[in-house]
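> Dock chain one against chain two, each of which comes alone in its own frame, and use the hints as you go.
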Amino acid sequence: MRTKLAVVMVGLGLVLTAVPVRAHHAFAAEFDAKKPVKLRGTVTKMEWINPHAWIHIDVKGADGTTTSWMVEGGTPNTLFRRGLTKDSLAVGTEIVVDGYQAKDGSNRANGRDITFTDGRKLFLGASSSDAPYAGKDGEK
Amino acid sequence: MHWRSRVLLLSTAVVLMGLPAAAQTKTWTPPKTPDGQPDLQGTWTNATITPLERPADLAGKEFLTAQEAAEYEKRIGEANNADRRNLPPEADVGLAYNDFWYNRGTKIVGTRRTSLILDPKDGKVPALTPAAQQKQDALRAAARGHASDGPESRALTERCLLWPTAGPPMLPSFYNNNYQIVQSPGYVTILVEMIHDARVVPLDGRPHVSGKVQQWMGDSRGRWEGNTLVVDTTNFTDKTRFRGADEKLHLVEHFTRVDTDTIMYEFTVDDPTAFTRSWTAQVPMRRTASPVYEYACHEGNYAMAGMLAGARADEKAAADAKNGSK
Chain A
1 MRTKLAVVMV
11 GLGLVLTAVP
21 VRAHHAFAAE
31 FDAKKPVKLR
41 GTVTKMEWIN
51 PHAWIHIDVK
61 GADGTTTSWM
71 VEGGTPNTLF
81 RRGLTKDSLA
91 VGTEIVVDGY
101 QAKDGSNRAN
111 GRDITFTDGR
121 KLFLGASSSD
131 APYAGKDGEK
Chain B
1 MHWRSRVLLL
11 STAVVLMGLP
21 AAAQTKTWTP
31 PKTPDGQPDL
41 QGTWTNATIT
51 PLERPADLAG
61 KEFLTAQEAA
71 EYEKRIGEAN
81 NADRRNLPPE
91 ADVGLAYNDF
101 WYNRGTKIVG
111 TRRTSLILDP
121 KDGKVPALTP
131 AAQQKQDALR
141 AAARGHASDG
151 PESRALTERC
161 LLWPTAGPPM
171 LPSFYNNNYQ
181 IVQSPGYVTI
191 LVEMIHDARV
201 VPLDGRPHVS
211 GKVQQWMGDS
221 RGRWEGNTLV
231 VDTTNFTDKT
241 RFRGADEKLH
251 LVEHFTRVDT
261 DTIMYEFTVD
271 DPTAFTRSWT
281 AQVPMRRTAS
291 PVYEYACHEG
301 NYAMAGMLAG
311 ARADEKAAAD
321 AKNGSK
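Chains A and B, in that order, are what the protein sequence lines are. So for the first sequence, my numbering puts the first residue at 1; every next one is plus one. So for the second sequence, my numbering puts the first residue at 1; every next one is plus one.
Isolated chain B (complex conformation) (with noise of 0.2 Å):
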């Protein structure tokens, strides 16, 4: 090969290898479904260690050199490890069980940005608004002494109801991370693992419902942009508070095959009563061969009945402390 034609194919490798991924997407025509709808459909995986945030640590610098990723794999991957038993013992009852119940990835995203956020570039979830957090400081408040007082009053997560990464939007946790994406015509559908909901998203263009109803996973509506799936989704509840999100968020989702074997998703979150500014985050989708299996998460909920149970062993603990010291 020509040494001219060498630093021509260097040189648009490094160009590529500097753009999102996203952009690089033209060269590669995804397949159609029967109904002509770019093919979105399998089952996918999001498991990764980069955080939503850029750690603190890590201020200031956007992305990881290759040395620096597998660096901080080994790191993360021995912090992440619940197999180890050097914590004192309040801490170490919050590791939970050992650490082949998890399933959290190993790998920072390929692009090596050190947060899923995207913009704005400090990798931080903007501040909150005065008044956005003027109310969640009363939330906090008045739900201080109350965590335990009935099932209610515990998190959406241990009641089964709504997970803040199963979305939307959709974000990798510590396991359950598999979506299984559905197209017929005029809707595509979107099976998420964690708390198994199921997201139909209806793309004839109908408007949202009335502003009057508010859902768990708020109203989703889709539409293609050339190879891409945007779904916009509003009318949420107040009450799932998404990173300090209220019920006027508007949340717009990116869906881009960009090869065979990835979807790369990017979410924008609009909400200026909550926040000072929007914000968007970029999260890689791997296929994978493993089904999407049934959480069937209140069937088995004992743990509802083994935290009250708690409160009230501590409750009495306390009675019985004071009782005793008159």
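Chain A on its own, in the form it takes in the complex (with noise of 0.2 Å):
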């Protein structure tokens, strides 16, 4: 048993170890990642705020009820450096959230993969390669 957990928490730690550091704060404090969430909804609103965006949408149940979810994704400078703008993310969109729910248990998730309904990724239509300082991000 305790050459089974040693040999655990060394793989766990490779595993984690090999995960830059990311993202303006820790996710992992504020999200639950025992409480994994799929969430199909329609955009009801998107905030282009810093220091992460939050897209909001309107979760329709089994029963018919409508639940309202926050989204957290990353800064939208990256985006407007793409070339996106506010109405990128029209009103109205039906998008997939896979993510985490938030510790405290209010309607609030990571959209740690964030699709169309037919699977393709949002914003994915100004990828790296279109941007303005393409080949500039780097050294010659």
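Check before you lean on any hint, since a few could be wrong.
[Unchecked claim] No more than 27 Å apart at the CA atoms, straight line, and that leaves these computed lysine-lysine pairs for DSSO-like: (1) A:K121 to A:K45; (2) B:K135 to A:K34; (3) B:K74 to A:K121; (4) A:K34 to B:K322; (5) A:K35 to B:K32; (6) A:K35 to A:K60; (7) A:K45 to A:K60; (8) B:K212 to B:K135; (9) A:K45 to A:K86; (10) A:K38 to B:K316; (11) A:K35 to B:K316; (12) A:K38 to A:K60.
[As the list claims (entries may be wrong)] Derived list of chain A stretches under chain B, where covered just means 3 residues or more per stretch with a C-beta under 8 Å from a C-beta of chain B: (13) 40 to 52; (14) 57 to 68; (15) 92 to 103; (16) 108 to 115.
Think of the hints as simulated: they come from the structure by calculation, not from any bench. Note that the structure is a prediction, hence the values are computed from the model and not measured. Positions of the beta carbon are idealized from the N, C-alpha and C atoms, including for glycine.
Structure, rendered in structure tokens:
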């Protein structure tokens, strides 16, 4: 048992050290790894704010009731730089959010993976290779 | 072309490629501002995947070959891709969001050096002095179990106060790696996109402010040495703790425009009470067509309340479990 636990710990350590430091804050402090959620909803509002953008969606339950959720993204600056605008995610757009719910149980989730209903990723139309700084993001 | 000329050209090229970029600048003269300063103005990005410190698997290897560089860029690009979903949930939640929000660059620096640190030769931040190490251990011990007591106990980044890479010194991060330099008679101003600080650097030779004054970004004074802007910064606070530095940090930055589209930026960290020796890093800054956007971090920082609420929920769950087991 002790050996097994040690192996698991070492394995986890390797995985964790392979993950670079990310995002403006610790998402693991805000969202619960034990509460994965998959939400299919309609965009009601997009907050293009820093440090992180928030997408508001209405999710219809099987019983016909509607629940509002807030989904956390990243800095809008990156998207502005790629030519996206506040009109790029129109109200009424249907999206699928695969993420984790807030630890306090409120209807907030991180948009770990956001797609359109046909599986295409959001904002993919403006990939980094199309960016005005293409080829200038590193060195010659 | 005569073969001898070819050999000469070739060997000159080889010699030049081996030289640090700063040493090559003597052949290129930057334009001047109307008041006669070498012109550093414009918007610049320092995005690169070259890490500050040399990774352990590249120990002893200061430079990559072109082929190794391509392989490294591919490997790191895959490791950095936030769209992968192959990690356990505890790590996956930490990847935060889709890759399209990130903007960390895809290439290593042009010198193909394996770390931004060029001195010491091992590419590592030097060890802390025993006293500094002791202090750091004590701070960490005191913070243990209190990381979410209140907003003051969270990281400076999460409080939207200061970013460890926004500087000074300025280092690449995973997004917002953009800088605008504006020069006016007697001053150079550096606007940093990350956390949106503007650093106003006087060039008139005035002394630093009193040692009693400590500031988040220190107190910067600039001067020209030929075509290089040298910025000397002191009066830091002990709260920033850049890589373990304390309030005695003395930072010297060199900005040299080496061609139309590149500023070679070098900084030297000197802090004898914190580090066992001084250290120097070099970061190329490339001209970018993009403007610097506002990063009004505090304005929409819902995450602070979210993290504290998360900590309270964790505490309640732990208390409930304890009560339930009695």
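> Each hint: holds or not?
Hint check:
{"no.": "1", "hint": "A:K121 to A:K45", "in the structure": "holds (18 Å)"}
{"no.": "2", "hint": "B:K135 to A:K34", "in the structure": "violated (36 Å)"}
{"no.": "3", "hint": "B:K74 to A:K121", "in the structure": "holds (22 Å)"}
{"no.": "4", "hint": "A:K34 to B:K322", "in the structure": "holds (19 Å)"}
{"no.": "5", "hint": "A:K35 to B:K32", "in the structure": "violated (58 Å)"}
{"no.": "6", "hint": "A:K35 to A:K60", "in the structure": "holds (19 Å)"}
{"no.": "7", "hint": "A:K45 to A:K60", "in the structure": "holds (16 Å)"}
{"no.": "8", "hint": "B:K212 to B:K135", "in the structure": "holds (21 Å)"}
{"no.": "9", "hint": "A:K45 to A:K86", "in the structure": "holds (10 Å)"}
{"no.": "10", "hint": "A:K38 to B:K316", "in the structure": "holds (26 Å)"}
{"no.": "11", "hint": "A:K35 to B:K316", "in the structure": "holds (16 Å)"}
{"no.": "12", "hint": "A:K38 to A:K60", "in the structure": "holds (12 Å)"}
{"no.": "13", "hint": "40 to 52", "in the structure": "holds (count 5)"}
{"no.": "14", "hint": "57 to 68", "in the structure": "violated (count 0)"}
{"no.": "15", "hint": "92 to 103", "in the structure": "holds (count 3)"}
{"no.": "16", "hint": "108 to 115", "in the structure": "holds (count 6)"}
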